[in-house]
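Going down the list, the sequences are from chains F and S.
Using my numbering, you'd call the opening residue of the first sequence number 1 and step up by one each time.
Using my numbering, you'd call the opening residue of the second sequence number 1 and step up by one each time.
These are calculated hints, taken from the structure and not from any lab test.
A few of these clues could be false.
Same chains, same label: a pair holds when it works inside one copy or across any pair of copies.
Derived lysine to any residue pairs resembling SDA-like cross-links, with alpha carbons at most 25 Å apart [said to hold, decoys possible]:
1) K78 with E24
2) K78 with V205
3) K78 with S127
Since the structure is predicted, the reported quantities are computational estimates derived from the model, not experimental observations.
There are 2 protein chains.
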Amino acid sequence: MAARLVFSALSGIPRIRPGDDLAEVIGQALEREHIRLEPDDVIVVTQKIVSKAEGRHVNLSAVTPSPHALELAAETGKDARLVEVILQDSRSVLRTRPGLIIVEHRLGFVCANAGVDHSNVESPDGSVGEWVLRLPSDPDRSAADLRQALEARCGIAPGVLITDSHGRAWRLGTVGVAVGAAGLPTLLDLRGQPDLFHYKLQATVVGLADEIAAGASALMGQAAEGRPVVHLRGLSSDGPPGRAADLIRPLEEDLFR
Amino acid sequence: MAARLVFSALSGIPRIRPGDDLAEVIGQALEREHIRLEPDDVIVVTQKIVSKAEGRHVNLSAVTPSPHALELAAETGKDARLVEVILQDSRSVLRTRPGLIIVEHRLGFVCANAGVDHSNVESPDGSVGEWVLRLPSDPDRSAADLRQALEARCGIAPGVLITDSHGRAWRLGTVGVAVGAAGLPTLLDLRGQPDLFHYKLQATVVGLADEIAAGASALMGQAAEGRPVVHLRGLSSDGPPGRAADLIRPLEEDLFR
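Chain F extracted, bound-state conformation:
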């Protein structure tokens, strides 16, 4: 039989609120789909539901923009309170254009708006206001915690991947990338492995976790919160498990900043 990767979007995931038990929500959804976890399975979840469960909401009406935020807001035409939240999560601002702020997030990601998410964010407690969501404070830790909780719930520890959508320097369109990972290889180092004709591959390190995040994102879609959890079967992962942080190019190797 053909080698297969099967991505299945779990249906019936409810709206997630602060404090919700994601492992329980995912465990129930797996049961509804009659999926029994196997050790090489991977559970892919969007950053959005992890951030919601962790209560990473910010009410913009409670934010007072700094002078720097006011300046950047004027430059870009963005809401100064949103810019303030972006700056609080950033190490540095790399580029700005009308409507666009590209930063180095304090976690190391180079991305627009510091990953601060303002679509599909409802009030966490029913109060009025315009809410945005910050990334989890430590997404690799969130992934490891979810993996452990899934093991407690389901008896098997799957790989866990937390995804976000990033733009690219030279290509249009966002793609899913891994911002948190546990229990699966994130970078696959094929260097030194001989190819078919015994030529040593010189520079092949594969961003495996990003490839999986992208494939899952093609199924998750972007507009609605309808498919925030994807189950993946078929990955045969030879390498040692890694972190999503391992995928971030160190500043000293960055040729394009």
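The hints should help you fit chain S onto chain F, whose structure is shown.
Okay, now just chain S, sitting in the frame of chain F:
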């Protein structure tokens, strides 16, 4: 039932030589796997086998490096004849480091080594020499031709995606990207589509073809020529079909060159 994306690597794909009929090779492989094409299916193939079928081989022993190639070879420690082939396929050289040349390919891709491939390249005609492979001269056209040939062979025109592996500016590891496409959306424009809470999504254009290319690449692997063809089922593609060229960010919108 859960929404699914199923990537299946077709087994038994032989080594491809110049002039081989890829549609016939793929048609036979589908039959061996008992897969009957459906209209929304996508056939994902590596650039390598398309280039081989199109005879895009270059024998390095027949290449005479230009002065510019000799200079860049000295700077980077790369084979001057390989550098010459890279330069012939490039519009401009963006960055160089020991072992690394990043260019704008004349097709618009920003990538290492102008996509010139030197692993798993056997002699096309049995003659001695060290061979490399250039990208197809017009990969979107190659994809459209393969789609048409598959329709003639199988009675159904699937989407066709030609993939290559590219590095990223800020992230480590290569990921699969679309270098040729036909019969499926490549960019999915969600702008203006209301989200769950009726907030208008402002800037969401999804690089769908790159997400699919990445997912397929996670299955194809990198080191061997063993899995150059992947069949994808489950994509429900609402948008109009596009080209892989649509994914290239125009130079005037590039903030990082």
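Hint check results:
no.: 1; hint: K78 with E24; result: neither (38 Å within a copy, 54 Å between copies)
no.: 2; hint: K78 with V205; result: between (38 Å within a copy, 19 Å between copies)
no.: 3; hint: K78 with S127; result: within (24 Å within a copy, 62 Å between copies)
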